[in-house]
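Q: So the protein sequences, as listed, match chains A and B. Heads up, the first sequence is in full-length UniProt numbering, so the first residue is 1 and it goes up one at a time. Heads up, the second sequence is in full-length UniProt numbering, so the first residue is 1 and it goes up one at a time.
You may find that some hints are simply not true.
Because identical chains share one entry, a pair is satisfied inside a single copy or across any pair of copies.
[Claimed, not checked] DMTMM-like cross-link-like pairs, simulated, lysine to aspartate or glutamate; straight-line CA separation at most 20 Å:
| no. | residue 1 | residue 2 |
| --- | --- | --- |
| 1 | Lys197 | Glu171 |
| 2 | Lys197 | Glu8 |
| 3 | Lys197 | Glu22 |
| 4 | Lys136 | Glu171 |
| 5 | Lys26 | Glu36 |
| 6 | Lys124 | Glu39 |
| 7 | Lys50 | Glu8 |
| 8 | Lys197 | Asp81 |
| 9 | Lys76 | Asp25 |
Quick caveat, the hints were computed from the structure, so don't treat them as lab data.
Number of protein chains: 2
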Amino acid sequence: MKTLRVPEATVTRLSIYSRFLERLDKNGVTTVSSGEIAEGVGVSPAQVRKDLAYFGEFGTRGVGYNVKDLLKYTLKILGLDQPWSLAIFGAGNLGFALCTYRGFNIRSFHIAGVFDNDPTRIGKKIGNLEVQPLDKFPEIVKSENIRIGVIAVPVSAAQEVADLMVKNGLEAILNFAPVALNVPDHIEIRNVDLSVKLEILTFNLGFRAAQNL
Amino acid sequence: MKTLRVPEATVTRLSIYSRFLERLDKNGVTTVSSGEIAEGVGVSPAQVRKDLAYFGEFGTRGVGYNVKDLLKYTLKILGLDQPWSLAIFGAGNLGFALCTYRGFNIRSFHIAGVFDNDPTRIGKKIGNLEVQPLDKFPEIVKSENIRIGVIAVPVSAAQEVADLMVKNGLEAILNFAPVALNVPDHIEIRNVDLSVKLEILTFNLGFRAAQNL
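Isolated chain A, as found in the complex (with noise of 0.2 Å):
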């Protein structure tokens, strides 16, 4: 499988870039530059020039570059030409949170189906869905053109879902139990770790403490 050996770090400079420019096409602005957009989302300016070298020439010396195709051209980029309906398994706390999330439904993603086995939570309504029984997924992964999964399940039913999830065709798995799955290489699976930006806060205050080590 051939891909693109992009970092992530720049992949999600990208996604910020492109609601940068988002807000400033909706405010009317055609002309941006690197040390605009830099400025706006808090990077320098030669790290946005050296995200956006990855994928071509953009924007002309001394102009800048034109916000809107540079924004339909980061859509392209991270793959938001296009719809993608999620399903969220699992409609526990986590589960609940994350249907109502906003960063769920916006852009090009739709949530289009929750689902659990716990007959208590069956039926039950959160927003305008309704959770489903898992023997639903396969009739609702095809009616709803269904693409990527999110793990909101225990530790203990993780993985059996991440293999309900590849049986039924799914391309991609958001992994929020705080496990390793595995799945087969042409699945995309990303973990998601609640906590991971905890240690950035302590790093920071321990070197404002001691200055030095």
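Use these hints to put chain B onto chain A, whose structure you have.
A: Below, chain B without anything else, positioned relative to chain A:
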């Protein structure tokens, strides 16, 4: 305020290295090379060496690193050679999920209080914690030596909660509300976007499909 200019990506990896070193130490491994660390966590050996070089000279050429020493040192760098008590604000679905999330109760971290202003939630038990009203916060901050606040309230209440944290002397804030908060410069604050990795998935899938733009 003097702070060391270390990229957050480096700090994040340092946190990952230290977890790997903990595992090695538990398994009785005493020496490790940068190549072994690299393979264990999925980055390049050059990246490991570059990351560690921010903090001084480690290891012996041809011999590698002493696991216990490097672990101790990375924990110290991360500020984890001291205890950190957390308070979680918001006992809704997300707050509940965070209270039981193991990442907030490992290593040096300990959830010492959960707060909400909703009378239907106050007094409820989450594990061995009882949801407290906001006006108990000043007293519990002191008795539990709480230093980090976690915001899991709706956007509309997030700034007010941040102000309360600052007023009561917290040093750092982890913010799950999708809104930018104003806090004084001496407060360390980081936002957690639960959906940010979605676009890494679609980026990778898009590139596979297109092979090139």
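Q: Decide, hint by hint, whether the structure agrees.
A: A quick look at each hint next to the structure:
Taking the shortest alpha-carbon separations for Lys197 and Glu171, only the inter-copy value of 14 Å comes in at or below 20 Å, while the best intra-copy value is 28 Å. For a Cα distance limit of 20 Å, the shortest separation of Lys197 from Glu8 qualifies both inside one copy, at 16 Å, and across copies, at 9 Å. With identical chains, the CA atoms of Lys197 and Glu22 are at most 20 Å apart between copies only, with a shortest distance of 19 Å across copies and 26 Å within one. For the homomeric pair Lys136 and Glu171, the shortest alpha-carbon distance inside one copy (19 Å) is at most 20 Å, but the shortest distance between copies (47 Å) is not.
Taking CA atoms no more than 20 Å apart as the test, Lys26 paired with Glu36 passes inside one copy only; the shortest distance there is 16 Å, against 49 Å between copies. When the C-alpha separation of Lys124 and Glu39 is checked against a cutoff of 20 Å, the pair qualifies neither within a copy, at 45 Å, nor between copies, at 44 Å. In this assembly of identical chains, Lys50 and Glu8 lie within 20 Å of each other by CA distance both inside one copy and across copies; the values are 14 Å within and 18 Å between. When the C-alpha separation of Lys197 and Asp81 is checked against a cutoff of 20 Å, the pair qualifies only between copies, where the shortest distance is 17 Å, while the shortest distance within a copy is 30 Å.
For the identical chains of this complex, Lys76 and Asp25 are intra-copy neighbours only, at 16 Å inside a copy versus 45 Å across copies, given an alpha-carbon limit of 20 Å.
In summary, the structure is inconsistent with hint 6 from the numbered list given earlier, while agreeing with all the others.
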